[in-house]
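*Asks:* Read off the chains here:
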Amino acid sequence: MTDFLKQNIGRRAVLGAGLAGASMLAMPSILRAQDKSLKVGVYGGYFKDSFDKNIFPDFTKATGIAVEAIAEPTGEAWLVQLDQAAKAGQAPADVSMMSQVAMLKGQATELWAPLDMAKIKNGSNLIDRFVNKYPDGRVAGIGAVSWYITLVTNTDVYKEAPTSWQAFWDPANADKLGLLALVSNSFLLEVTAKTFLGGTNALDTEEGIQKAFDKLAEVKPNVRLWYRDEAQFEQALKSGEIPMGQYYHDVTGLAAADGNPVRSTFPKEGGIQDSGCWALSRASTKVEEAHVFIDYMSQPSIQALLSRKVGTSPTVKRELMDLTDAEFAAVSSDIEPIIPRYDLYQTKSDWLNQKWTELIVG
Amino acid sequence: MRREAPQKLSDYGPLFFPATMLIVFFVVPFATMIAVSFFQRQQGGFYVPAFQFANYERFLSLFFANVLGFSLMLAVTVAICCVVLAVPFTYLLTRMRRKVQIVWLVALLSVLSLSEVIIGFAWSTLFSRTAGITNLLVMAGIMSEAKALLPSFGAVLTGMVYQAFPYTVLVLYPALVRLDPTLTEAARTLGASPIKAFFTVVVPALRNTITATLIMVFIFALGSYLLPQLLGRPQHWTLSVLITDQAIYQSNMPFAAAMAVFLVLVTLGLVALTVLAGRKGEAA
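Chains as they are written, first to last, in my numbering: chain E, -17 to 344; chain H, 21 to 304.
Don't read these hints as lab results, they were simulated from the structure.
A quick note: this is a predicted structure, and the numbers were derived from the prediction, not measured.
In this text, a Cβ means the ideal position worked out from N, Cα and C, and glycines have one as well.
Heads up, some of the hints might be wrong.
Label pairs and their calculated CB-CB ranges [said to hold, decoys possible]: (1) 194(H) to 66(E): 38 to 44 angstroms; (2) 85(H) to 189(E): 26 to 32 angstroms; (3) 153(H) to 66(E): 40 to 46 angstroms; (4) 153(H) to 213(E): 17 to 23 angstroms; (5) 70(E) to 194(H): 38 to 44 angstroms; (6) 308(E) to 155(H): 38 to 44 angstroms; (7) 85(H) to 45(E): 43 to 49 angstroms.
Result set (DMTMM-like, lysine to aspartate or glutamate): computed pairs, CA atoms no more than 20 angstroms apart in a straight line [unchecked claim]: (8) 216(H) to 200(H); (9) 167(H) to 138(E); (10) 337(E) to 77(H).
Coverage of chain E stretches by chain H, computed from C-beta distances (three or more under 8 angstroms per stretch; other residues unrestricted) [unchecked claim]: (11) 59 to 70; (12) 220 to 229.
Please model the entire structure based on the sequences and the hints provided.
*Replies:* Structure follows, in structure tokens:
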């Protein structure tokens, strides 16, 4: 043993060995680069992990296209990056999962390459509202998944599940809530309008929006955390540190399945249904592969698989899928959802943002 | 060896590399930011080149003045806390044996290797009700039940002081090591207690170093945007948090740039005032 250590290994030998080792490690990626590949942006965390595990390997097996999954942040951070990169002719991801507000904003700068529906045979399976179109009718994106933001609670702290969004306004819940920090991803104005003002149509006028803001101001003393980063709230919810709030139905379901003391409830006013589109950056050179990918993802069997494995709500018509009632109920609900007023975040975004920031910071 | 002024163009050679780096990585991005701050925001889109003051006008409101005021106050408090803690600490450190000093310095340097995210999450765990330090106090019988120490101003301050402390010590260390020990010895011989000698001899001798350190920590703390979010309530969010919101989440680059430019100007102004005040004090 000591003899071995005493052996005189020259500096050059060490460097040479290191170099050889490094180039051997680099070799597979050089070989792989020659195959067909596609960079796909998916929300980081549970979402990306689930796609990596349940969806992408089968896709590669079926089509021969290797997928490099990129963890993208939620909100508009990814949109900004994609747009800046596209201006420089770069695509950090070819296909990305984008929120509806991000789709509208990307449309304004022609960020999304129009999709050719002739190459996406399975597009006819989709529920109409999940085909995202430019004002002139070109297709900007195809519904990837939809998901619900629901009322979540820690089961150790709340033995009984709450039944209404009104729980947020209950003085008994002072300093116990975790809510999303941005007006455009929390959709709390819509929740307020549906719960107290008779529906999201109440937000048609600025007076209506003002009423919703006034009502929402009453929630402030109950809020412990306004979160931008999901990990921050998820951790606090699991530990019971922040026992109630709004969070993603699918992620909460997965966390509960892992044995964490959390539950997701569809309030009687409905969960918030948001959705994401697959959109192709105009800077991408992988147009063919992207169409193959989007077509593959729009198959009823794949949408059913997503519902079972990832916990998302399907974007294709229910009758085309073989989901049982129980399986469907696990990801969705018969209660009519609250559909966000995406148009407001497009036309009034600065005004809403200013009022919102003043509400929570002031 | 005599130092000669550069004669030929090639004598300036060694300067080219740092100058290029400074231009590429500082001057160009900063100039771009100033330019963007005058651009026109396209609501629901991005921005188009223009020359207008709308972004600055929006910033000039009581709301943003309050946020700016809080950010400056927080940064000043962090700077003062750091210096008050670090000057005596570093002074004692320089009086220790060489080996002990190295151990301390390595420990402090290792804190620098932690990212803001790790520091933030670590402190949010330490301050939490379910797993935090109050549980230890309950075990020791000092407190009756565990409680959360965050979100609060104290938590934000603790996190930021923790993050800036190693920098403070590293900036103070060279000056304190070089401090002539005969100064304090003379003070002691003349009958001053160690504490009196520290305050009447060591601190005044280090006045310039301390001012420079205060400014450095102040600027360092002003840029913090993650710790106020992780450890504070919305009223503890700094201007940097709102700049991030505008830039990243609202994709309102012009407004974010205008706020950033304003922050830089206010910072430079405050630093200039401090330096001026220091000079006047010296002249008197």
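*Asks:* It remains to establish, for every hint, whether it holds in the given structure.
*Replies:* Hint by hint, here is what the structure shows:
no.	hint	in the structure
1	194(H) to 66(E): 38 to 44 angstroms	41 angstroms, holds
2	85(H) to 189(E): 26 to 32 angstroms	28 angstroms, holds
3	153(H) to 66(E): 40 to 46 angstroms	43 angstroms, holds
4	153(H) to 213(E): 17 to 23 angstroms	22 angstroms, holds
5	70(E) to 194(H): 38 to 44 angstroms	43 angstroms, holds
6	308(E) to 155(H): 38 to 44 angstroms	41 angstroms, holds
7	85(H) to 45(E): 43 to 49 angstroms	57 angstroms, violated
8	216(H) to 200(H)	17 angstroms, holds
9	167(H) to 138(E)	17 angstroms, holds
10	337(E) to 77(H)	16 angstroms, holds
11	59 to 70	holds (count 4)
12	220 to 229	holds (count 3)
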